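Trainee: Protein chains in written order, with my numbering: chain A, 1 to 420; chain B, 1001 to 1322.
No wet-lab data here; the hints were simulated from the structure. Treat the numbers as computed from the prediction; the structure is a model and nothing was measured. All the given hints hold, so there is nothing to weed out.
Where chain B lies over chain A, by a calculated footprint (3+ residues, C-beta under 8 Å):
#1 87-99
#2 378-386
#3 392-405
C-beta: ideal position from N, C-alpha, C; glycine also.
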Amino acid sequence: MRSMTNGLRAIALAGAAALALGACTQGSATRQADSPDGEATVRYMNFSANDGHENDLKAIVDAFEKSNPNINVQVETVPFDDYFTKLQTAVAGGTAPDSFELNYENFVIYADNGSLAELTDVDSSAYKASLLDAFNHEGTQYGLPESFSNVVLFYNKTLFEEAGVEPPTDDWTWEDEQAAAKKLTDKDKGVWGDYQPFTFHEFYKTLAQAGGEFLNDDRTEAVFDSPEGVEAARFLVDKVGNTMPTEADGAGTPDFDTDLFKSGKLAMWHNGIWMFSQLEEVDFEWDVVVEPGGARKASAMFTNGLAVSAASENQDAAQKWISFLASSDKTAEVRLDTSWELPPVADETKLASYLDQPKPDNREAVFTSLDAAVLPPVIERQQEMQDVVTQELSDAAAGRKTVKQALADAQAAVNELLEK
Amino acid sequence: MTQASVTETAVEPRSEATETPPPPPLRRKASKRRRRRQALWALVFLLPSAVPLVLFTITPMVSSAWVSLHEWNLISPMEWVGLDNYRNLLTDPQTGTVFLHTLMYVAGYLPLVYVGGLGLALLLNQKLKGRAFLRATYFLPVVTSWVVVALVWQWLLNPANGIVNEVLGTLGLPQPGWWTDPDWALPSVILASAWKDLGFVMVILLAGLQAIPSDYYEAARVDGASAWQRFYRITLPLLSPSTFFVVVISLINGFQVFDQVYVMTGGGPSGASQVVVGQIYDLTFRYGRAAEASALSWILFVVLLVVTVIQIRVQRKWVHYA
Chain A
1 MRSMTNGLRA
11 IALAGAAALA
21 LGACTQGSAT
31 RQADSPDGEA
41 TVRYMNFSAN
51 DGHENDLKAI
61 VDAFEKSNPN
71 INVQVETVPF
81 DDYFTKLQTA
91 VAGGTAPDSF
101 ELNYENFVIY
111 ADNGSLAELT
121 DVDSSAYKAS
131 LLDAFNHEGT
141 QYGLPESFSN
151 VVLFYNKTLF
161 EEAGVEPPTD
171 DWTWEDEQAA
181 AKKLTDKDKG
191 VWGDYQPFTF
201 HEFYKTLAQA
211 GGEFLNDDRT
221 EAVFDSPEGV
231 EAARFLVDKV
241 GNTMPTEADG
251 AGTPDFDTDL
261 FKSGKLAMWH
271 NGIWMFSQLE
281 EVDFEWDVVV
291 EPGGARKASA
301 MFTNGLAVSA
311 ASENQDAAQK
321 WISFLASSDK
331 TAEVRLDTSW
341 ELPPVADETK
351 LASYLDQPKP
361 DNREAVFTSL
371 DAAVLPPVIE
381 RQQEMQDVVT
391 QELSDAAAGR
401 KTVKQALADA
411 QAAVNELLEK
Chain B
1001 MTQASVTETA
1011 VEPRSEATET
1021 PPPPPLRRKA
1031 SKRRRRRQAL
1041 WALVFLLPSA
1051 VPLVLFTITP
1061 MVSSAWVSLH
1071 EWNLISPMEW
1081 VGLDNYRNLL
1091 TDPQTGTVFL
1101 HTLMYVAGYL
1111 PLVYVGGLGL
1121 ALLLNQKLKG
1131 RAFLRATYFL
1141 PVVTSWVVVA
1151 LVWQWLLNPA
1161 NGIVNEVLGT
1171 LGLPQPGWWT
1181 DPDWALPSVI
1191 LASAWKDLGF
1201 VMVILLAGLQ
1211 AIPSDYYEAA
1221 RVDGASAWQR
1231 FYRITLPLLS
1241 PSTFFVVVIS
1251 LINGFQVFDQ
1261 VYVMTGGGPS
1271 GASQVVVGQI
1281 YDLTFRYGRA
1291 AEASALSWIL
1301 FVVLLVVTVI
1311 QIRVQRKWVH
1321 YA
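Produce the entire structure from the sequences given, and follow the hints as far as they go.
Mentor: Structural data, given as structure tokens:
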């Protein structure tokens, strides 16, 4: 009998262990509620501080916690490439952070599926109206604009001088860019004239530069397989192997183009203004201009917003935090001083100090570009659309398909995504 | 061919004495209680592996079957759609493509890893200087993280400045685009996978080789059998249980290939190396199509089950247990 009870005891013990195990996994899923004395912890997940701006975000958090001593902000910074996978999994698993960053392309999906809390009493006078509106979904404010940025043409002044080529201006066209790129490319030295990724984001913008449309007016059909679309895709694809490295050279792998530019072997580079701070210590002269245009000028605009999780138990504290992060003077100051993305403030005089920063000289180009900003097309199945357009363009760039075929296939695939 | 002495592995003679002889009929009642107690203890000892198995394997399997019958984007509530997901997947050409890529992977990987592993096992079964060191070295990749191995191979096979292409270039051989060329992406992954798993196959086969009694070889030699005959008539048949194990495990692992593809090629270029599990991952975590991904998981499960059952059936014809 004795060993029988021992056996039972052992089972009970094992059972308890299993329960404890279950409790552990439960534990990580529960959110902290406001404790009686008003202390609250707000988790905040973001991607935009990754790779160089972690401390800048921390400075904003510190300032917020100083003026709100009973709110404690816990920052989780995730690289952009993994961000939406992580966020989606966290939301699905019930471990969503109280507040998080969303880019404009993904905002609609989250607003639509009910995972965002409605924001009330938003001080709309603090924000640029068009940006605030971008985070309003069917009449409800589900997000606040956090920052915006755009893409400009970076160029290596030193390389231009050495090759005796006139440096670019804000008025350049595609032809000017192509001609200069050809002169600057010296494959024997491993120097390339140009770099522009063949991706969805570059395509929707060059399409606009060519004067084309991505979706029809009521957003029910893709219409980019047009003469303008072919022209835009050709502009991107023809660079590859001629004035720009190919996939086989490493193009498209992480940091490839950044390293190429930083090592002084790339003359022109299409990239975002968030790169400014990374280029502070290169040992050549560089500057930026407004991206060259085709039929017209058009600049890609990236907008990030902030949202509160519908499942958060600290929604008030979370909204307080994101409002501070979106519109406080401290945030504006940090963003401008560190050449991060720009704050969405209504009062544009607040942006003036951005122009006082040393490098690059032609910071005006950032604001000039905004005059012709175009937002990316957004559909419900955004990621699939972006992937399929990027893949078709890479097929064309690698010569596996003709440009015409790639565009026709991409349009058919996007239309299929719109139907489902 | 000299066989290593069996004492190396020091196989203990299996003791039969631990089991008690059947009790006499008089003590039937006592023995019943005793048997119950034994069962109870068996259960206790099984718990540590049974609990995680139920929690982390059986439960997710059942729930994924349930999910696969719905429409679900991971976040919004589930909606019942019956077998629609299965129907859509089975008519989607992409499903066929990813299964074809997976089959091509298995077809390339299995012979490579088996022949390579067998070669290594035969070599390292000889009396060599530094044999223990060599065995450990060949086993090293097996215990290395896939991410590390895949990154290293990505560098080795870098089309522009990887060592492999440098060497091929100096020898005047063609330099393939490896993981950047759709035709070479899958072979690149196969190469890296075979290299990593060689050591595992080697260890299993080495153990199999050492279990073959040396008398057989001595007798064969006395009868004048050549080295090839000894290998073909003795080693291979007596190694067949180990071979069977290696084939079953490698096939299952091969069908579930993911890490190396994810790190080395990301399924590209142009989807040329997208495999079944990669597709399941993308569907769930990239596109939020969790229900279709669950359905695809079950299709893969059924395919694997069929393949394994066939293997078990067929093994009776070729596996010899000494």
